[in-house]
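Chains as they are written, first to last, in this note's numbering: chain A, 70 to 158; chain B, 10 to 390.
Quick caveat, the hints were computed from the structure, so don't treat them as lab data.
Be aware that a few hints might be false.
Claimed, not checked - Here are the simulated DSS-like pairs of lysine-lysine, each with C-alpha atoms no more than 27 Å apart in a straight line:
# : chain 1 : residue 1 : chain 2 : residue 2
1 : A       : Lys110    : A       : Lys144
2 : A       : Lys144    : B       : Lys96
3 : A       : Lys110    : B       : Lys96
4 : B       : Lys378    : B       : Lys315
5 : A       : Lys144    : B       : Lys378
Said to hold, decoys possible - Partial list, computed: chain A residues near chain B (C-beta under 10 Å):
#  : residue
6  : Leu99
7  : Ala100
8  : Leu112
9  : Val146
10 : Trp148
11 : Thr152
All residues carry an ideal CB built from backbone N, CA and C; glycine is no exception.
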Amino acid sequence: MDRPDLYVVARILERLWREKEPMLRTRLQLAVGTNFDVLTKYLDWMQGRDLVAFVENDGHQKVLLTAEGRDSYHKLVIWINETVHGRFR
Amino acid sequence: MVSLAIGLPSGYLAFDVAFGHLIESLPSEMPSIDLLMTVSLYLSLSGYIVLLVCSMLTMVPRHAVDGAGFPRPDALARDGREVIVRKGSYEIRVAKFSAIRVYEEDGTFRCLPTSTGLWAIVLLSLGPQIVIFAFPFLLYINDRCWKSVSALTSEKKNARIETERGIDDLIRDSLLRTYVLATEAADIRRTSFHDHTLILVTISLVAWTALLVLSAPAIVDRGSPWWLSLGSLIIAALGITGFLILRRRSRERIAREDEWVAKLFSAIRGEEIAGSSIELLLDACLEVPRWLSLHRKGIWNREPGKTLLIFILLVAGSNGLMQYGSIWWGFVLLSIGLLAIGISIFLHMVIITGTETRDLASEWEDRMKEMCSLLEPARRI
């Protein structure tokens with residue numbers, strides 16, 4: 070995937086950030102509102118950038134937000150906050 | 010006191026130089042009318058000079074504050090204050106007619122009239138005989154500003170020191186801020202529609218008055234009022250068409266802003282909205298430059314002090330030119346100088362506005378590139 074849609078990435082990060090435990094892909098798919106194939110592509114892309122990690126739990130592969138992912142989400146939220154306050158520099 | 014001390018003698022001097030010989034040449038058969046005209050001319054001249062000196066003294070200087078200074082615009086907005094953020098400064102409306110402009114570089118401030126206050130001064134300045142009343146009004150504006158300074162700076166002292174805020178707080182704050190921006194944008198759109206309608210009505214009335222003046226001789230000579238009727242009909246048709254076009258365009262714009270207000274309000278209240286808060290905020294970020302530029306757009310309202318100065322210079326300059334032939338040539342030269350200064354300041358304001366718009370667009374482009382780099386590990390900030 071060359072240029073991911075930042076909106077989808079942000080939705081995935083937000084959903085995972087709110088979840089304390091690793092999350093099932095199907096649950097994440099419903100929460101994010103995208104189809105399974107697209108979600109898989111995004112998760113693979115995000116795993117390549119250390120934003121998410123996959124863990125085996127109860128025989129299912131679940132998704133977990135990494136420390137890098139939490140950090141990126143935090144920075145995105147700060148970026149939005151600064152932008153809406155007109156602090157561009 | 011300084012304004013009066015400078016304005017009254019200068020007014021007398023200018024009056025003597027400009028109209029002295031005119032008054033002397035008046036027939037002395039009606040001394041009361043002579044005196045009334047002298048007093049009226051003197052009051053007008055002094056009024057303009059006093060107003061000019063007082064505007065310079067009250068609006069131009071920047072003042073420093075002791076202690077912690079003024080709160081940040083976001084903190085003021087959270088407290089329900091009306092704040093307009095500009096490049097390098099922000100303006101706090103402290104009363105109906107008074108505003109304080111705070112400069113972020115050094116924390117100094119200036120006392121200015123709000124746009125309502127400014128137009129009230131402009132209206133008073135339009136009548137030479139009542140221009141002197143603009144002076145106490147300007148003093149009142151200045152007084153309200155200074156009374157608010159201590160209240161605002163003490164708010165800052167009492168404000169809680171914000172430590173690093175959590176993600177939820179930041180999202181809520183961002184939603185509140187975008188909501189305020191969208192609401193203000195909708196209000197600006199509504200006000201702008203009213204302003205444009207007023208301009209349209211004024212132009213139509215001026216055109217009709219001109220038509221009336223042009224056709225009056227023919228009507229007085231018992232000529233046909235056909236031209237007047239046709240002209241009135243054309244002016245009315247153009248006016249109504251213009252109004253309908255304006256209303257249609259403005260409705261679309263207002264509806265767009267209102268839609269944003271409704272969406273953000275739902276998100277703030279935690280109601281079910283399409284997509285997530287973060288997605289809504291990312292969408293809202295794309296609207297931020299437009300919302301900010303709506304604030305910066307009004308060239309006349311952005312710097313009330315300069316607008317008033319331009320107005321005074323143009324009125325004084327054109328008044329002087331209209332007296333050409335009946336007054337001292339030096340006064341005519343002075344009028345040309347005042348007109349030239351007024352036009353130069355206006356052109357400067359136009360250039361600054363253009364530069365700010367270009368800067369905003371370029372800063373925004375950099376900002377969007379920065380957003381994309383947030384998710385790239387090698388370039389993460």
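To see whether the hints hold, each was checked on the structure:
Of the pairs offered as hints, the one joining Lys110(A) and Lys144(A) holds, with about 23 Å between alpha carbons and a cut-off of 27 Å not exceeded. Straight-line distance between C-alpha atoms of Lys144(A) and Lys96(B) comes to about 24 Å, which keeps the hinted pair within the 27 Å bound. For the proposed pair Lys110(A) and Lys96(B), the alpha carbon gap of about 42 Å is over 27 Å, so the pair is violated. A hinted pair counts as satisfied when its Cα atoms are at most 27 Å apart, and Lys378(B) with Lys315(B) does not qualify at roughly 37 Å.
At roughly 14 Å between alpha-carbon atoms, Lys144(A) and Lys378(B) fall within 27 Å of each other, so this suggested pair holds. This hint is violated: Leu99(A) has a C-beta 13 Å from the nearest C-beta of chain B, more than the 10 Å allowed. For the restraint placing Ala100(A) at the interface with chain B, the shortest Cβ-Cβ distance is roughly 9 Å, inside the 10 Å limit, so the hint holds. The interface hint given for Leu112(A) is broken, as the beta carbon of that residue sits about 14 Å from the closest beta carbon of chain B, more than 10 Å.
A hinted interface residue such as Val146(A) counts as satisfied when its beta carbon comes closer than 10 Å to some beta carbon of chain B; here the least separation is about 5 Å, so the hint holds. Given the 10 Å rule on beta carbons, the hint for Trp148(A) holds: about 6 Å separates it from the nearest Cβ of chain B. The beta carbon of Thr152(A) is positioned within 10 Å of a beta carbon in chain B (closest approach about 5 Å), and the interface hint is therefore held.
Consistency with the previously given hints fails for numbers 3, 4, 6 and 8, ordered from lowest to highest.
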